[in-house]
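Undergrad: These are the residues of each chain, in order.
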Amino acid sequence: MRIVVQEEAFDLGAEANAFAAKDAANGAIVTFTGVVRDLAAGDLDVMEIEHYPGMTERALTKIAEEAQSRWSLGDVLVIHRHGRLAPGDRIMMVATAAPHRKDAFDAAEFLMDYLKSRAPFWKKEITSDGADWVAAKDEDEDALTRW
Amino acid sequence: MDVLYFAWVRERIGLPKERVETEAATVSDLVAELSAREDRYAAAFADLSALRVALDQELSDFDAPLAGVREVAFFPPMTGG
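Sequences listed follow chains D and B, in order.
Quick note on numbering: our numbering labels position 45 of the first sequence as 34, and the sequence is numbered without any gaps.
Numbering-wise, our numbering comes out as the position in the second sequence, counting from 1, plus 754.
Calculated directly from the structure, the hints in this document are not laboratory data.
There's no promise every hint is true.
In the DSS-like style, the derived pairs of lysine-lysine whose C-alpha atoms are separated by at most 30 Å in a straight line are [stated by the list, open to error]:
(1) Lys126(D) <-> Lys113(D)
(2) Lys11(D) <-> Lys91(D)
(3) Lys771(B) <-> Lys126(D)
(4) Lys113(D) <-> Lys771(B)
(5) Lys51(D) <-> Lys11(D)
(6) Lys113(D) <-> Lys51(D)
(7) Lys91(D) <-> Lys51(D)
(8) Lys771(B) <-> Lys51(D)
(9) Lys91(D) <-> Lys126(D)
Some, not all, of what chain B presents toward chain D, calculated at C-beta under 10 Å [to be verified]:
(10) Arg764
(11) Ala808
(12) Glu812
(13) Leu813
(14) Gly822
(15) Glu825
(16) Ala827
(17) Phe829
(18) Pro831
(19) Met832
(20) Thr833
(21) Gly834
Derived list of chain D stretches under chain B, where covered just means 3 residues or more per stretch with a C-beta under 8 Å from a C-beta of chain B [stated by the list, open to error]:
(22) 105 to 111
(23) 118 to 128
Glycine included, every Cβ here is placed at the ideal spot set by N, Cα and C.
Chain B on its own, in the form it takes in the complex (with noise of 0.2 Å):
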């Protein structure tokens, strides 16, 4: 699946976006799947209050099940208007 990073998750981990290769079954297991890999991913997923998650360009939340889920996009509460 794609993975999108926007504002200052982007610029922690250092990329916007990547192909990740996973079975993680939701996004909570995800987060911990890139929280293992790096510094950087722990650095961005310490605090998961402080974060927002797209499925598919819809907000949901940590509890969700990533089955059939083609784009996945992390990023702090937004600030439009």
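Only chain D is shown next, with the shape it has when bound in the complex (with noise of 0.2 Å):
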């Protein structure tokens, strides 16, 4: 399992190629990735990140080990960025290895809802108007309840 929170920009095809290269047990590997997205008008300037430091690492081990405990998997990775960052950026991966790919496809939908409202990261889009923390949306935190 490896967690990394960090400001720098991370390469996602080495990270993939990294991580799968490992076990041959694994016969699954499957890879998520967030962008940050322009808004509908196209004027989205920055998204600004901040995070909780020392929490955010505590969280995301906690998520990533409850992963670990329903689903029989191999690895896991989470790399999440914080700082500024521009329409089109990476923000995040996550990638699972697994003999089989149903728990690897579950177990990254499973930490991609989690990651989502349980790791302390608040973004906020900086516009020629202005700038507004992203709300958090009703049904993200409904999605925890179906694991």
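Take each chain as given, in its own frame, and dock them per the hints.
TA: Here it is as structure tokens:
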């Protein structure tokens, strides 16, 4: 299991390759990548991501451990950035490795659902009109009930 | 104890972190104590349903006791991913 919280960009291809090359017992590798989406008007200048150093790493580790206890996983990777990002920049990635694909897919979805509303990150959208904190959505909280 | 604020809570209160000497028994008591200090605290804590609290970096709730707690953090619902 590897948990990374960093400001710098990460190399999606290199990370995915390194993660997938580890253990031939894992017949399934799932990766998910989150990208800064531009606003409908196309005027997002910057997305600022704030986090709670210390708690972030703890929360992500706890979520990844929970995934490992629920599914048969060979490995888990979570990378999440903070700081100032531009539209199109990659914010985060998760990768799961498992002997079988259902475990890898389900665990990746579980990780995404939980880190959306249980990992201490906050997003702020900055446009030429000003800055707005992104509000949490009820559907993100509701998504946790399915697990 | 150290009290930390994040996102719009930090902006509304105007600082990221402060040291608070308190006898508050629970998180709610601490919130009442801070809100009584100044308007900016009262404004930040006006609607507790819009806030989350962590005690020593674990999510908790407003009824939780503060005995032995070293770090309290207040923030809006999280928006990771």
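Undergrad: So, as I understand it, the hint says Ala827(B) touches chain D; can you test that by seeing if any CB pair is closer than 10 Å?
TA: 6 Å, holds
Undergrad: Holds or violated: is there a CB of chain D closer than 10 Å to the CB of Leu813(B)?
TA: 7 Å, holds
Undergrad: Within a Cα-Cα threshold of 30 Å, do Lys11(D) and Lys91(D) meet the stated pairing?
TA: 19 Å, holds
Undergrad: Mind checking the CB of Gly834(B) against every CB in chain D and telling me if the closest is under 10 Å?
TA: 4 Å, holds
Undergrad: Under 10 Å, Cβ to Cβ, is where Ala808(B) needs to be relative to chain D, so tell me if that hint holds or is violated.
TA: 6 Å, holds
Undergrad: Taking the closest Cβ pair, is Met832(B) under 10 Å from chain D?
TA: 5 Å, holds
Undergrad: Between Lys113(D) and Lys51(D), does the CA-CA distance stay at or below 30 Å?
TA: Holds: Lys113(D) and Lys51(D) sit about 25 Å apart, inside 30 Å.
Undergrad: Let me know if the C-beta of Thr833(B) comes in closer than 10 Å to any C-beta of chain D, holds or violated.
TA: 5 Å, holds
Undergrad: Does Lys51(D) lie within 30 Å of Lys771(B) when you go C-alpha to C-alpha?
TA: Holds, at roughly 25 Å.
Undergrad: Interface hint check: Pro831(B), Cβ to nearest Cβ on chain D, cutoff 10 Å. Holds or violated?
TA: 4 Å, holds
Undergrad: Please verify whether Lys126(D) and Lys113(D) have alpha carbons no more than 30 Å apart.
TA: Distance of about 14 Å is within 30 Å: holds.
Undergrad: Does the CB of Glu825(B) sit less than 10 Å away from some CB of chain D?
TA: 9 Å, holds
Hint compliance for this structure: hint 14 alone is broken.
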